[in-house]
Amino acid sequence: MWNQFFLLEEYTGTDTQYVGKLHTDQDKGDGNLKYILTGDGAGSLFVIDENTGDIHAAKKLDREEKSLYVLRAKAIDRKTGRQVEPESEFIIKIHDINDNEPKFTKDLYTASVPEMSGVGIIKTALPDMSRENREQYQVVIQAKDMGGQMGGLSGTTTVNITLTDVNNNPPRFPQSTYQFYSSESVPLGTHLGRIKANDPDVGENAEMEYSIAEGDGADVFDVITDKDTQEGIITVKQNLDYENKMLYTLKVDASNTHPDPRFLYLGPFKDTAVVKISVEDTDEPPVFSKIFYLIEVDEDVKEGSIIGQVTAYDPDAMNNLIKYSVDRHSDMDRIFSIHSENGSIFTLKPLDRESTPWHNITITATEINNSKQSSRIPVFIRILDINDHAPELAMYYETFVCENAKPGQLIQTVSVMDKDDPPRGHKFFFEPVPEFPLNPNFTIVDNKDNTAGIMTRKDGYSRNKMSTYLLPILIFDNDYPIQSSTGTLTIRVCACDNQGNMQSCNAEALVLSAGLSTGALIAILLCVVILLVLVVLFAALKRQRKKEPLIISKDDVRDNIVTYNDEGGGEEDTQAFDIGTLRNPEAREDSKFRRDVMPETIFQIRRTAPLWENIDVQDFIHRRLKENDSDPSAPPYDSLATYAYEGNDSIADSLSSLESPTVDCNQDYGYLSDWGPRFKKLADMYGGDDSDRD
Numbered sequence: 001m002w003n004q005f006f007l008l009e010e011y012t013g014t015d016t017q018y019v020g021k022l023h024t025d026q027d028k029g030d031g032n033l034k035y036i037l038t039g040d041g042a043g044s045l046f047v048i049d050e051n052t053g054d055i056h057a058a059k060k061l062d063r064e065e066k067s068l069y070v071l072r073a074k075a076i077d078r079k080t081g082r083q084v085e086p087e088s089e090f091i092i093k094i095h096d097i098n099d100n101e102p103k104f105t106k107d108l109y110t111a112s113v114p115e116m117s118g119v120g121i122i123k124t125a126l127p128d129m130s131r132e133n134r135e136q137y138q139v140v141i142q143a144k145d146m147g148g149q150m151g152g153l154s155g156t157t158t159v160n161i162t163l164t165d166v167n168n169n170p171p172r173f174p175q176s177t178y179q180f181y182s183s184e185s186v187p188l189g190t191h192l193g194r195i196k197a198n199d200p201d202v203g204e205n206a207e208m209e210y211s212i213a214e215g216d217g218a219d220v221f222d223v224i225t226d227k228d229t230q231e232g233i234i235t236v237k238q239n240l241d242y243e244n245k246m247l248y249t250l251k252v253d254a255s256n257t258h259p260d261p262r263f264l265y266l267g268p269f270k271d272t273a274v275v276k277i278s279v280e281d282t283d284e285p286p287v288f289s290k291i292f293y294l295i296e297v298d299e300d301v302k303e304g305s306i307i308g309q310v311t312a313y314d315p316d317a318m319n320n321l322i323k324y325s326v327d328r329h330s331d332m333d334r335i336f337s338i339h340s341e342n343g344s345i346f347t348l349k350p351l352d353r354e355s356t357p358w359h360n361i362t363i364t365a366t367e368i369n370n371s372k373q374s375s376r377i378p379v380f381i382r383i384l385d386i387n388d389h390a391p392e393l394a395m396y397y398e399t400f401v402c403e404n405a406k407p408g409q410l411i412q413t414v415s416v417m418d419k420d421d422p423p424r425g426h427k428f429f430f431e432p433v434p435e436f437p438l439n440p441n442f443t444i445v446d447n448k449d450n451t452a453g454i455m456t457r458k459d460g461y462s463r464n465k466m467s468t469y470l471l472p473i474l475i476f477d478n479d480y481p482i483q484s485s486t487g488t489l490t491i492r493v494c495a496c497d498n499q500g501n502m503q504s505c506n507a508e509a510l511v512l513s514a515g516l517s518t519g520a521l522i523a524i525l526l527c528v529v530i531l532l533v534l535v536v537l538f539a540a541l542k543r544q545r546k547k548e549p550l551i552i553s554k555d556d557v558r559d560n561i562v563t564y565n566d567e568g569g570g571e572e573d574t575q576a577f578d579i580g581t582l583r584n585p586e587a588r589e590d591s592k593f594r595r596d597v598m599p600e601t602i603f604q605i606r607r608t609a610p611l612w613e614n615i616d617v618q619d620f621i622h623r624r625l626k627e628n629d630s631d632p633s634a635p636p637y638d639s640l641a642t643y644a645y646e647g648n649d650s651i652a653d654s655l656s657s658l659e660s661p662t663v664d665c666n667q668d669y670g671y672l673s674d675w676g677p678r679f680k681k682l683a684d685m686y687g688g689d690d691s692d693r694d
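With my numbering, letter number 470 in the sequence shown gets 470, and the count goes up by one each step, no holes.
Quick caveat, the hints were computed from the structure, so don't treat them as lab data.
Misleading hints may appear alongside valid ones.
Taking lysine-lysine and the DSBU-like style, the derived pairs with C-alpha atoms no more than 30 Å apart in a straight line are [what the hints assert, rightly or not]:
#1 K196 x K60
#2 K66 x K28
#3 K626 x K681
#4 K270 x K237
Across the chosen pairs, the derived CB separations fall in these ranges [to be verified]:
#5 T38 x V159: 43 to 53 Å
#6 G500 x S330: 50 to 60 Å
#7 M502 x F436: 37 to 47 Å
#8 D459 x R543: 36 to 46 Å
#9 T12 x S154: 51 to 61 Å
#10 K465 x E431: 26 to 36 Å
#11 S484 x D619: 51 to 61 Å
#12 Q309 x T282: 41 to 51 Å
#13 T156 x Q179: 27 to 37 Å
C-beta atoms are modelled at their ideal positions from N, C-alpha and C, and glycine is treated no differently.
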């Protein structure tokens with residue numbers, strides 16, 4: 001029975017290495033048996049002599065490559081080809097020899113150890129090794145087998161060792177003092193310069209923060225940290241003024257943001273540097289004492305009056321002189337002006353609060369030596385109210401009173417408007433005019449709320465006797481000085497129903513509606529239409545008539561003569577009309593006020609002397625003429641009142657020259673100039689030297 005064979009690796013002899021021999025008891029030595037080897041490496045690595053059964057190794061074997069081979073052996077009869085015994089299995093083991101040196105798994109090892117570290121697997125040979133002095137180290141390590149005895153093999157490897165950083169170094173400024181310069185006109189937030197402290201550490205161990213420790217400019221400047229470059233940036237936090245302070249001194253600290261408590265014994269992890277900032281002077285524009293000016297002035301201030309003053313100064317050390325001016329784009333109407341030297345503002349035109357209550361102008365201050373340096377300031381001028389407007393009726397009131405009105409009825413409530421705006425508010429009073437404090441028809445009631453009510457005072461009104469009443473109302477305020485005016489209210493007398501609703505204010509309509517039925521009114525209207533048609537036809541026929549020419553002969557070149565026989569017959573003409581109409585006092589209209597203009601003052605309502613039945617017509621006309629001449633309120637001013645009374649004993653001759661006798665001598669018409677402006681045209685025609693005379 002075969003168990004195993006042993007064979008040395010890496011055999012270096014000249015002959016093949018003998019492994020062992022196979023033999024069966026059935027082998028008689030007559031060469032009748034044949035040995036056959038199969039399995040791992042049979043025929044290539046291991047060969048067998050088929051006659052003797054000897055096994056040899058045909059090649060050098062390597063245990064590290066394969067240390068165990070499994071083979072099978074059998075013996076067969078050459079003649080019959082049958083196995084004389086069952087197949088058996090055996091193992092060939094390769095014995096190891098020291099033919100390989102030790103090898104590391106890597107050709108190069110990389111290791112890191114914090115600087116200042118203690119003992120480890122790889123020990124530091126020097127105490128307190130500093131990364132800042134040397135960061136990279138390379139170590140060669142040898143490994144020997146056989147415990148390092150003679151004849152043993154060895155292998156080597158390389159280890160690269162890096163010292164990692166720890167925060168064991170404080171920041172340090174490379175210089176103790178820094179100098180920067182800044183103009184006084186730089187805007188806030190301007191970067192003046194950068195400072196940087198050095199820290200040998202790396203990464204977050206080198207991160208630092210800058211701050212101002214102390215100094216006379218700690219509230220004027222600031223320092224911020226640039227996280228990318230670890231620099232401190234000096235910035236401006238407040239406006240600089242060269243005239244106020246020219247030099248600032250700051251102390252700036254740089255400190256680590258991540259200190260390591262293990263190394264605090266090395267000292268404070270911060271450093272301090274001195275920063276000096278010099279302020280340079282620049283030419284600045286003038287500066288006003290205020291950011292805006294508010295001036296209040298009464299609207300009745302006289303032209304040329306000083307209403308306020310603005311002041312500006314040159315902030316530079318030179319203190320240049322300043323001149324003032326008004327920006328005319330803000331004062332297009334040139335209402336205000338300013339003294340160029342002292343800044344006094346005065347008026348050029350009258351002020352009116354009611355038209356413009358506010359004026360917003362712009363004042364410019366300019367350096368005399370440098371016109372480019374100028375500043376502008378708004379000036380708001382508020383016009384204060386003065387009671388210079390009289391109160392007036394708020395609107396034109398269409399007031400009517402019913403014919404069937406009873407005493408004490410309210411027919412109209414009037415309100416007032418005033419252009420003024422007193423600070424305590426408006427307060428108006430209503431009274432009758434002083435000349436006629438007691439009106440027999442209407443009463444004015446002050447409601448004490450800036451309105452007045454018009455009340456009736458008698459029982460019933462007649463449109464036939466008086467269709468319209470004029471009621472003057474005195475209106476005044478309570479401001480200083482008191483302003484008053486008289487408003488005239490026109491009251492019409494109208495027909496109303498039982499509920500007081502107006503139906504008609506026409507006297508003729510009242511007569512027709514009271515005395516005629518609807519059918520009668522239609523008949524009257526038809527008659528009127530027929531008469532109008534007849535009149536139109538008559539006028540058309542009359543136009544078609546051929547008029548007789550004044551001059552029959554075409555050769556007659558004389559001037560056309562038109563005769564106007566319009567001279568009255570004196571007293572004989574009174575037979576054509578009823579003279580009693582002139583003598584009837586009731587036919588005369590009551591005094592009326594002008595409606596085209598508002599009376600400016602309270603006028604005297606004229607009272608005429610009573611007319612007697614037997615008064616002479618000429619005396620009556622003279623009185624009426626005198627009343628109209630002396631009464632400026634007689635309506636209307638542009639009307640002509642003609643009283644053409646001429647009797648039989650008239651001494652006035654005809655003024656027409658057409659019927660005058662022809663004389664050779666020149667007639668003197670100079671007396672026409674003495675007859676007043678109404679005869680001025682005739683005086684110019686006949687009294688001049690160039691007048692044509694036959």
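The hints, checked one at a time:
1. Restraint check: the Cα-Cα separation between K196 and K60 comes to about 73 Å, which exceeds 30 Å; the hinted pair is violated.
2. Note on K66 and K28: the hinted pairing is violated, with a Cα-Cα distance of about 37 Å set against a maximum of 30 Å.
3. Restraint check for K626 and K681: the C-alpha separation of about 25 Å stays at or below 30 Å, so the hint holds.
4. A distance of roughly 24 Å separates the Cα atoms of K270 and K237; the hinted pair therefore holds under the 30 Å criterion.
5. In this structure, T38 and V159 meet the distance hint of 43 to 53 Å, their C-beta atoms being roughly 51 Å apart.
6. Here the CB-CB span from G500 to S330 is close to 59 Å, well matched to the stated 50 to 60 Å.
7. Roughly 27 Å separates the CB atoms of M502 and F436, a value that falls outside the hinted 37 to 47 Å.
8. For D459 paired with R543, a C-beta distance near 57 Å fails the hint of 36 to 46 Å.
9. In this structure the supplied range 51 to 61 Å is violated for T12 paired with S154, their Cβ-Cβ distance being about 22 Å.
10. For the hinted restraint 26 to 36 Å between K465 and E431, the CB-CB distance of approximately 27 Å keeps it satisfied.
11. For S484 paired with D619, a C-beta distance near 40 Å fails the hint of 51 to 61 Å.
12. Remark: the range hint 41 to 51 Å for Q309 to T282 is contradicted by a beta-carbon distance near 28 Å.
13. A beta carbon spacing of about 59 Å between T156 and Q179 contradicts the range 27 to 37 Å that was offered as a hint.
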